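Peer 1: Chain order of the listed sequences is A and B. When we follow this note's numbering, the leftmost residue of the first sequence carries the number 1, and every step to the right adds one. When we follow this note's numbering, the leftmost residue of the second sequence carries the number 1, and every step to the right adds one.
Please keep in mind that the hints were generated in silico from the structure rather than gathered at the bench. Any given hint could turn out to be false.
Covered by chain A, per the in silico footprint, the following chain B stretches (three or more residues, Cβ under 8 Å) [to be verified]: (1) 14 to 24; (2) 47 to 60; (3) 102 to 111; (4) 148 to 154.
Bear in mind that the values here come from a model prediction, so they are computed numbers and not experimental data. Ideal Cβ placement from N, Cα and C applies to all residues, glycine included.
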Amino acid sequence: MSLEQLVRAELRSVADQVVVPPLPPLEERRRIWPVVVAAAAAMALVIGGLTWALRDRGEHRPPVEPPKRVQIDRSAPVIPWLDGEKLYVGGEQIPGRWDELVSGGETWLARRHDLHAVWGRGKEQHDLGRVGSFYGTAGAGYVEPLGMSGPFLSPGGRYIAFGGDQGNEGDSSLRLLDTRTGRTTELPAEFGRYAVDAVTDTERLVASLWPDTEDPQAPEARESYVLDVGKSPARLKALGGELVSRSGAPGLMLRDGEGVVWVVDLVGSRVRRAVELGPSPVGTDASDSRPPASLSPDWKWLLDLRWAFEQEEPTTVPVTAVDTGSTTSVAAPRGWAFAPRLAPGFWEPAGTLVTWVVKAESREYRLARCAPAVGACVLVEEP
Amino acid sequence: MLVEADADFSAYAAEAWPGLYRRAFLMTGQHADAEDLAQQTLIRARRHWAKVARAASPDAYVTRILTNVFLSSRQRARVTREVLRAVPDASAEPQHSPIHGDLWPYLLDLAPRQRAVVVLRFYEDLAEREVAEMLGISVGTVKSTTHKALANLRAALGSREGELA
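Please model the complete structure; the sequences and the hints are all you need to start from.
Peer 2: And the structure:
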């Protein structure tokens, strides 16, 4: 049989065995923006015409209003954040000494000084038990090395995966906790074949790598895989890169084969959106890499982090609008400079960044809230 | 009149959907992508339904839409695909089920344009001239693309046989 005949037979065979889903709705998404643009253009013409007509008639000229100053909220941050060993949630300190924190949506997950992992929504607390190590740090900038055990919080805070074959103190079962209901599901044993490294917000999806070398079906190369825990046996889909962070981004942070770091938002195992952060600033070793930028939770702003490692205490930092690709800068409050080595900061849901600033002479440190849309920062009240 | 056209389109869409979905699956190799592609194709077909309905072969017209949507979406999604790509499934993805032959994974590895040409030539059984018209390229380009696709498949199969040996 010729290759052409083989191809023909193969295509027919595959097509014959495809299970066709029902016809989906064929509604078109309404394109509102052309209408908006047209309306805006028409309005601009009218305004332009009026301005032209009235340009020499001072008595009819409308009073010129001074530009409004956009106010940046100065209140203490309510997102979960760590100040040394102090954990703040909702603007109030949670008792205890804390080492690590990650948050997503309304959910936070932290490691207490006694090595217990604790999660909560708001001020409520739930103890997950003692963990040997933790998966990530709070803040927008750090990438943790892989292969560590510990609970993993999905980027939007919906799920926590914990346990597994590198799990807690001999507990080999892998569990998925739904933070909205508080219900925990024990996953089938087959998922023990993979070491879990992250969980997505999409229902029942876990990202994983470190395949079992004794499993002949497991991939040989080190790659990140998405496991659909809703299916049995597990469905695999490879992420064409490796997972470089479990926290600090509104999606999974991956590095592709060329060293470029991405934030990927998965719906099921499909990419809904992917934003390129840029090439890793140093090396190729996951344990020594940092993302080149940090993406705001609304997927609108990229904060360039290279300055954080290349400049001592800059007074402005570059930010890029994801939609347009235009780069602008955000200025520290007058008389202050950014203190990036302390921590790059925490994004708030509204797309503002809370970060530390320092006064050069007195070495006083304060928290500032920065609004990329305005290009400015203000000092915020201490909690 | 509009209601009538809508009814015509709905009847056409219902009938064409299974075949369209299968073609989309052969091009994309993924169920989710195939559903997106077939759905987008029908949405575009509805937008131009008057023209589609008047065509000598509405099916051919819609296949052309499907192929073009596939190729343009591959260009747009190039970067995304590099980040997330499909690989052989351990068990559940139909395209990697044992019931499929050995060739399917290699067909999926072909570049999008090569895969589109192969599907049109060998699944749709279109002549080179028809494929050229459908893709808006020359017959010579169809010939060379087919030749390269087959050469790639031959090489992939050959290297695998070499490994096995």
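Peer 1: Looking back at the numbered hints, which does the structure fail to meet, lowest number first?
Peer 2: 2
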